[in-house]
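> Chains as they are written, first to last, in my numbering: chain A, 1 to 552; chain B, 553 to 717.
Keep in mind that the hints were calculated from the coordinates and are not lab data. Any given hint might turn out to be false.
Mimicking DSS-like on lysine-lysine, the simulated pairs with C-alpha atoms at most 27 Å apart in a straight line are [stated by the list, open to error]:
1) K478/A / K544/A
2) K558/B / K32/A
3) K477/A / K246/A
4) K32/A / K696/B
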Amino acid sequence: MYVYDQYDQHIIEERVRQFRDQTRRYLAGELKEDEFRPLRLQNGLYIQRYAPMLRIAVPYGLLSSTQVRTLAHIARHYDKGYAHISTRTNVQFNWPELEDVPDILAELAGVQMHAIQTSGNCIRNTTTDQFAGVARDELVDPRPWCEIIRQWSTFHPEFAFLPRKFKIAVNGAARDRAAIEVHDIGLEAVRNAAGELGFRVSVGGGLGRTPIVGSFINEFLPWQHLLSYLDAILRVYNRYGRRDNKFKARIKILVKALTPEVFAERVHAEWQHLKDGPTTLTEEEVARVSRFFVDPAYRALEDQDELLARQDAENPGFARWRARNVTAHKKPGYAAVTLSLKKTGVAPGDVSDKQLDAIAELADRYSFGEVRNSHEQNMILADVEQSQLHALWLELRELGLATPNIGLLTDIIACPGGDYCSLANAKSIPVAEAIQRRFDDLDYLFDLGELDLNISGCMNACGHHHIGHIGILGVDKKGAEFYQVSLGGSSGRDASLGQILGPSFAQDDMPDVIEKIVGVYLAQRTEDERFIDTFRRIGIDPFKERVYAAHH
Amino acid sequence: MQRIIKNDQVVDDRWHLLDKEATLEGLPNSDNLIVPLALWREHAHALKARDGGLGVWLDADEAVEEISDQLDAFQVVALNFPAFTDGRHYSSARLLRERYGYRGEIRAIGDVLRDQLFFMRRCGFDAYAIRADRDPHDALEGLKDFSVTYQAASDDPRPLFRRRQ
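The following block holds chain A by itself, in its conformation from the complex (with noise of 0.2 Å):
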């Protein structure tokens, strides 16, 4: 993974001195509350329900097993023993101390970390595929493009006050598991008839209150001119974005009423002026930054699929873990592994700092010492001998890391919601629970096979409920928690937003809900259908039949 220079570093330990000067002449009242939230939010500080909650970028996903032990004491010193795995990989710290927030910041500049641009109307962590540089349906490796996304897009001069946040991931493979298509710039790494590199575009997609799939407005961008597109895209969309309603200000909506059409052009033309200008990258800083993305020291190992078989025969347990849990690698006798942070009873994303020193050990025996989070909320060891899986999975099952369920109906999204979070309309934590605690039965939940069911505590959408297969929305009504159901939502390279299903329910109906919806599909697929292919193949009415009959 990347490793920081001087230059890094010096930013970084120059933020911290910056944000102990900001946050001591907010306490000594020199700054006003209206003043340093924005800066606050810029270093991903939330003043919460009960206390501030601390979001620290963890950069496409990327974690050092060192970096994983200062999350660990971060936890157990500031927080009450827990972190939080965030559907932008990022983490989070829902106990912190304001005042301590400048010493934990100086602990993370320690290990390479920081919290720079996790909140506020800025560009924020640039996420990508958890498998990247591993997986099999890998074309380029999306790393080093991010990391030069990174490295541009810190403390841009031009655009640290955007109408508002601005998110961008990377796509390098067949199968698009960052979901570019619902980003305000999704990048999807190609390669043209000639071989070269570049870049498919979309701009717009998002989802929070307009929930919209992106459009893609250049179909090949060649690589020396990203950054100098990009830049074009966040001017056009700075001097135009709306800013007279914050609900009307992110980029998709810009893109709507521009069409794509005119917005392409609008780029296009503001584009002519910067490309081929200084920002160009080039092929010395792009070897650069790659060196730091370079295969580990694989050995030279064949498949282990019969001693795999004859475990699985041995240990229906591990067989299951296997089917949902490993993935396979693109280098012979490794495989990936994810660990599950859905066991039902905790929080979905919620890791303690004993796991999260576990998980370390883990990585440095296992894993060449690194980590990945994954939007998902899970955590992944991606070089693992497939001679150690029996191993590794006795370790994580005493560690509770080993539910395998990812992929499945209990692998659930979902964002801390009304227990923690002072924007939710309802809490999530409970219903997710509820869901899982309904769905315990290991063989009935591998019968339903892949199914995303993903939780918003409100409109803000951080649970991603619009592109779950079957995603759930906290609403206010008349001062009571509810939950609106929609179907049918996707984040694959086949994006689609989910439909609702119709009237919200009580928290209480929650697991019988899910269970009827559940019900329609075990009744209407075909053999093999996934969840989201028999609802687009039958619609959603006959859902709304089931579920509602009850009500008539």
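Since chain A is already given, all that's left is putting chain B on it; use the hints.
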């Protein structure tokens, strides 16, 4: 007299900023005036004929393209921040410097505070009328927030990857 930051020092402001309602009538002939865009549009000729210095100011929703072919007329272009969170004029300043080659003073006016000065300077501002309730000497510190930067901007056209050693 108001004190402003100019070229990283606190100095007396020798300019007089006219508000949006200002009219041509009764304008002093020899004062240095920064006039609103509307007044300039209507009375460019008369304003140029005065003896005093001339500047223009743009509100956050006024584009630099409105004045880009007349920049020789202005010693100062002031860009207004109705709120410090309105970032449009960061782009305006860069365009003035990098696209239209303006070399006169670019002054930040309005809700101008210490914690934004570093970014402003990178975008081409060289003067800052700090909000009246704040100490410009204190605000000077904001210009020192960082010593390393990644991107190309008006202060240095080379991104870090062309400077890294």
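> Decide, hint by hint, whether the structure agrees.
Now the hints, each set against the structure:
no.	hint	verdict
1	K478/A / K544/A	holds (24 Å)
2	K558/B / K32/A	holds (25 Å)
3	K477/A / K246/A	holds (23 Å)
4	K32/A / K696/B	holds (21 Å)
The structure shown violates none of the earlier numbered hints.
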